[in-house]
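Undergrad: One letter stands for each residue in the lines below.
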Amino acid sequence: MYAPLERGPIGRVLSGIASLGKGLWITLAYMFRKPITVQYPEQRVVLPLRFRGRLVMPVDPEKGTNRCTACMRCVNICPNHSIDIEKQTGPDGAPLPKPAKYLYNLGTCMFCNLCVEVCPFFALVMSDEHELATTDRGGFVRDLAAEKYRLTGKKASWWQRKFRGSDSGE
Amino acid sequence: MRNVTFGNRDKMPPTARGTVPAATVVQPLPSASATSDEFLLNIGPQHPATHGVLRVVVTMDGEVVKDIVPHIGYVHRGLEKLFENRTYEQIIPFTDRTDYLSAIANNFAYVRGVEMLLGLEVPRKVEYMRVLMAELNRIASHLLWLAAYGLDMGAFTPFLYAFRDREEIVAMIEEASGGRLTTNYFRVGGFVHDLPKDFFARLRKFLARFGKALNELDTLLVENAIFVARTRGVGVIGKERAVSYGMTGPCLRASNAAFDVRRDMPYSIYPSLEFEIPVGRNGDTWDRSWVRIEEMRQSLAILRQAMEGFPEGEHRARAPRNIEPPAGEVYSAVEGPRGEIGFYIVSDGTRKPYRVKMRKPSFSNFSALPEILRGLKIADLVAVMGSLDLVVPEIDR
Amino acid sequence: MRAEEALAALRKRFPGVETRPVDPAPGVTVPPQSLREHLVFLRDELAFDFLVFVTALDRPSEGALELVYRLFSHETRVSVVVRVRCPRDGARVPTVSDIFRTAEWHERETAELFGIVFTDHPDPRRLLLPDDLDGYPLRKDFTHPNLIRLPEAR
Amino acid sequence: MGHFLYDLFYRTDVLLDAWRTAAHQSWAMRGWPVVILDVLFQLGWAAAAAVFLAVNALFIIWFERKLAARIQIRRGPNRVGPWGILQTLADTGKMLIKEDIIPDAADRGVFKAAPLMVLASTFLLFVVLPFGRGLVPADLNVGLLYFLAIGGLSVIGILAGGWASNNKYSLMGGMRSAAQIVSYEVPAVLTVLSIALLAGSLKLGDIVRAQPAFGYILLQPVGFLLFLTASNAEINRGPFDLPESDSELVSGFVTEYSAMRFAIFFLAEYTNLFLAGAFAATLFLGGWRGPLLPPVAWFLIKSYFVVFLLIWIRWTFPRLRVDHLMAFSWKVLLPLALANLFITAVLVKVL
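Chains as they are written, first to last, in the numbering used here: chain A, 61 to 230; chain B, 239 to 635; chain C, 191 to 344; chain D, 41 to 391.
Rather than coming from a laboratory, the hints here were simulated on the basis of the structure.
Predicted model, so just to flag it, every value in this text is computed and none were measured.
Any given hint could turn out to be false.
The calculated lysine to aspartate or glutamate pairs, modelled on EDC-like cross-linking and capped at a C-alpha distance of 20 Å, are [unchecked claim]:
| no. | chain 1 | residue 1 | chain 2 | residue 2 |
| --- | --- | --- | --- | --- |
| 1 | B | Lys477 | C | Asp234 |
| 2 | A | Lys123 | A | Glu207 |
| 3 | C | Lys330 | B | Asp432 |
| 4 | B | Lys477 | C | Asp239 |
| 5 | A | Lys215 | B | Glu318 |
Using the sequences and the hints, build the whole thing.
TA: As structure tokens, then:
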């Protein structure tokens, strides 16, 4: 309500006092409610399926290796150039469609999910890892191919449904 | 009191080609004040009331503000330059980061601009989803403003009540997009994901509960007698001055100017929705607060309508894989929580825009601060600055 | 005033009204020296009371800087774009910050980013950039050790 | 034994008097000057007060944090000790081992003295505070005046701290505090005067005894509210916490203080909070008097109830502006206090 102008001087004083009383009443009522705090390290909220944590390149359990073909599309789409790929080379020196090193710079990544979307082989997933603070910047560049990350839980089945068909979007 | 200067002007290297004069960091005090009681107070870049890294140098006479010089640019990241070297889809996550409280509105404005350049029609469902998300985002942003403003005014309790409600919205947005603040949810032609299955159930629950919570917040802060006494008639800016300063959003509407991009430069499905545009009468700090509270109520109404008329369909139009709009230019504006968010995009027909100019509401709103504030008290400085709802990365870009 | 009247009056005053592709707002190009009188006319006669933004475009191939003033009318809800072309070297444009107060900061920003001098500006200090930065970042030929271009797509 | 316990809790004055008399007699018999014994007694009181001050601060800080958390649907401290009750102890330990920073430009002597000045003024108030029947270091016959006079002394420490920090925010905080405490002293004095009129004495013990069973609050409802408001303002707590309003003045007069010196300010602030509650309880709620429970328990219950009220108010309202604060004192509280005093005087005379 566009209140304060609507009343006369006495009405304003009275409504002012009433507003203070109402405020006190609200806070008093809250004293008897249950806290809504989530006791963080022990209790945790359930992360939604689409949560965007650190980028991982999970091992496909059927293939026993990651799904990357070093097609460079993620490198090209990354707005911050946080990804770089070194391809494996065959005996004749020609590059193979496999990453020798998949370098991911956590320090510049902004968790935008563009690399995951652009990947035609579903090789990348944004994991649930979000406690990423460290005291050492040196650990920011990681080789995801060497990491051999095992994706588990709901996210794993969501991810596997994407390339095994029957993708319902969830 | 000593005349204080900040930085040493003599040591600064000459500016390039000498056309733009080197900055004088602090305007010299008027000569009359050198011997009087005035003194300079440096507020920021690290100060509890500046909500980020901005700095105002205030000439004070006791507790009264005589003059105020804002300094910005502490978080200037040169985004507009970065955009010239990014493809159209790469820019979307950056638009989140210009204003972390209204990432969705920024996504919306930018994506809509690119779609206009491409001549792309988006499905009806996408429009509804966009409006739903934008209004949720508006409520979340206003709630955060209310919370932070309560802190500015010395009331800590509304902060946590507002955050409880905001958390619900943010969780809904997170479930849909995967991000809480920097959502990066919009894509050219639609959305990256469809809405999650239980989205409407959650939304319904939220709508049923939030009205009462909002009334509580209203009573606790905005209607409170102390709050009213501190904000009523403080920091007045008239309609003409507000328009001349380019103010938009709640700050302008508080000054009795009924301008809302949603109605006056209609976009998306807003013309088919019914909502009121709350307008203040005096343009003072209380009006700016009241307008935001009312806007949240209107957003609830919009959410209800959008939920009822929500159509079936695709969540993404068939957009070309490589976005290469034809040469041209476009200005796409949406009503963000802080006012008109506009993207002026110039395309030269390549995959990267020739120029993207971001017109950000906080920039213009903040530029009016010296005018609003002159002659008020230092406590009013906090009240007025808070009521402008500044987001510093948006000012600096 | 209605939108059609405003547009008709605009066409009458500026015969060279052009509409660039996609953006529906009519655009007029005016010389720098008459910018102020045109803006005053637009504001006072045609009720374009709201300066949305001021910016510039660098056109190195044409050796020109193109200033863009976008106006909007709260009354008629019509937008208009006023463009000013000036040479890249020694660009001087009169300030409009007394006509639209918001132009003060927009001009300060444009000045430091593009290297344009707004004559008679009341407060010609830098706004966003550090004091020791050389060059004008939004010009296309700007280089800086910290400005690293993304590698081109492989 | 049962008698002794009963006396200890319910008739402390008799017990103390008997003990003191006995001590005096044996002291005098040895021919030692009695003054020394009296000084020793006072030192004992001081030690007791110091212990109470520390324990009370531990409790009251925890109490406020917990209550504020309840109001804000949070849990509050819950990690150190059961229900987090030892949190304050942990914080104190942290404060003690932190680096003590004194700004280069500060006036070192004054800077160091300021926290002690504030603490001393609150500490001295314990002299006249009747905790129970006879449980008072010195029931001065000008107790009420003493309370008002010494209570106002803290302004010197705050102003000194604000000045000595050589920081504009600190100075403004100090100046605000000076203006605020001095202004709110006036309605406080006038309200307390009407109590003195009713009781016919300035001695706090007499005032407690003179009160009807339900306290003076029913005779002086307006007076109670006035006193609560004024003392809330005098102890610089929200919504009157302008001297250290964190959103405007960063931290006001404590901006430059750190480590132990900050802790002392903090201790004084919370002791002041208790004292405001204790004096309100003594003057308006019947002090230590009450049925069944021992007087000390009644006194603490009443004091902490007023403290609860003050905390509740603090966590509900936004902060006042400095000129509103002054206007409120001089234009609202002062006339109300005067009217209250006048009506009380007339009624006392007539009835």
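Undergrad: A separate judgement is required for each hint: does it hold in the structure or not?
TA: Hints, verified against the model:
no.: 1; hint: B:Lys477 - C:Asp234; verdict: holds (16 Å)
no.: 2; hint: A:Lys123 - A:Glu207; verdict: holds (16 Å)
no.: 3; hint: C:Lys330 - B:Asp432; verdict: violated (39 Å)
no.: 4; hint: B:Lys477 - C:Asp239; verdict: holds (11 Å)
no.: 5; hint: A:Lys215 - B:Glu318; verdict: violated (36 Å)
Of the numbered hints given earlier, the model fails hints 3, 5; all others are met.
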